[in-house]
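Enquirer: Residue-level listing of the chains:
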Amino acid sequence: MNNLTTNFVIDKKNHIVKIVRPFAAPKKNVWAAWTEPELLDQWWAPKPWKSETKIMNFKEGGRRLYAMVSSEGEKHWSLITYTSITPKTNFKCHDGFSDSEGNINEDMPQSDWNVNFVESEGITTVNIEIQHQQLSDLETIIEMGFKEGMTATLEQLSEVLTTKKNS
Amino acid sequence: MKKRRDVFQAIADPTRREILGLLANEPLNLNSITENFEMSRPAISQHIKVLDESGLVDIRNKGRKRFCYIRPQKIKKVEEWLEQFKELWEDRFNQLDQTLTNLNNEDQ
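Chain order of the listed sequences is A and B.
Mapping of the first sequence onto the numbering used here: position 106 corresponds to residue 106, and the numbering continues sequentially without gaps.
Mapping of the second sequence onto the numbering used here: position 58 corresponds to residue 58, and the numbering continues sequentially without gaps.
Just so you know, these hints were derived from the structure itself, not from any lab.
Note that the structure is a prediction, hence the values are computed from the model and not measured.
Hints should not be assumed to be uniformly reliable.
Straight-line C-alpha distance at most 20 Å; calculated PhoX-like pairs for lysine-lysine [to be verified]: (1) A:Lys47 / B:Lys86; (2) A:Lys54 / A:Lys27; (3) A:Lys92 / A:Lys28; (4) A:Lys27 / A:Lys50; (5) A:Lys28 / A:Lys75; (6) A:Lys50 / B:Lys86; (7) B:Lys62 / B:Lys86; (8) A:Lys18 / B:Lys65.
Please build the complete structure, drawing on both the sequences and the hints.
Expert: Printed below as a string of structure tokens:
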């Protein structure tokens, strides 16, 4: 399967990141990979980071507390609260940085996620929308969560600020 | 010799991000920047000092006033930044492809 490409759009006006990606798998498996902690931890963290889920209760109002762990053992904790679940079709959640006990850090950016699953002819397309409160949150999200996993330099994080000028 | 400061440290503060947002629209002097915040002039001046030391902002004299400018060489193209973000998701999805391949094999 060669046409599994990612469609990626940033709606700067509404602070929404939209990501669409087809997967060569039945919907039940794709859904499982997004909603079962052992599977999520296999793929969620970009190398060399590891994802470690401490608590996960996948139901409406339930929470996932997990850490992104660097190769040096440094941990960045996040708390996800599942706000709406339509099995094998859609889930919505609220995401924020937290401490190891799941206390949200109110000073850090938070976002609302809407993840949708559609299967057609054996291909499952996942549609992700991430809504941020403000555009500048995006750069902080990237810096906090994925600093070492990406080649982005700190300077590049500031680039998004120029969009105010151009838009 | 001006002190060198980490760009991320400069950007990590919400007030400084807001100042950069204002300066992205137009160069401003200290008074015009202060008008946008419920903060004292010395407090804003301190934030600007940090931005200046990080290299994100340049301070130039214009007549009798000192104006703050965004430094374009520090603020590169948005597209490059988007590429980095996209790369992260591509890495993640490639790993997910592998997880799914394993799951599909278990089904058979």
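Enquirer: Does each hint fit the structure? Answer for all of them.
Expert: Evaluated hints:
1. A:Lys47 / B:Lys86: holds (15 Å)
2. A:Lys54 / A:Lys27: Roughly 26 Å between the alpha carbons, so the hint for Lys54 (chain A) and Lys27 (chain A) is violated.
3. A:Lys92 / A:Lys28: holds (17 Å)
4. A:Lys27 / A:Lys50: Not OK: Lys27 (chain A) and Lys50 (chain A) at ~25 Å, beyond 20 Å, violated.
5. A:Lys28 / A:Lys75: violated (31 Å)
6. A:Lys50 / B:Lys86: holds (19 Å)
7. B:Lys62 / B:Lys86: violated (41 Å)
8. A:Lys18 / B:Lys65: The given pair, whose Cα atoms are some 44 Å apart, is violated under the 20 Å limit.
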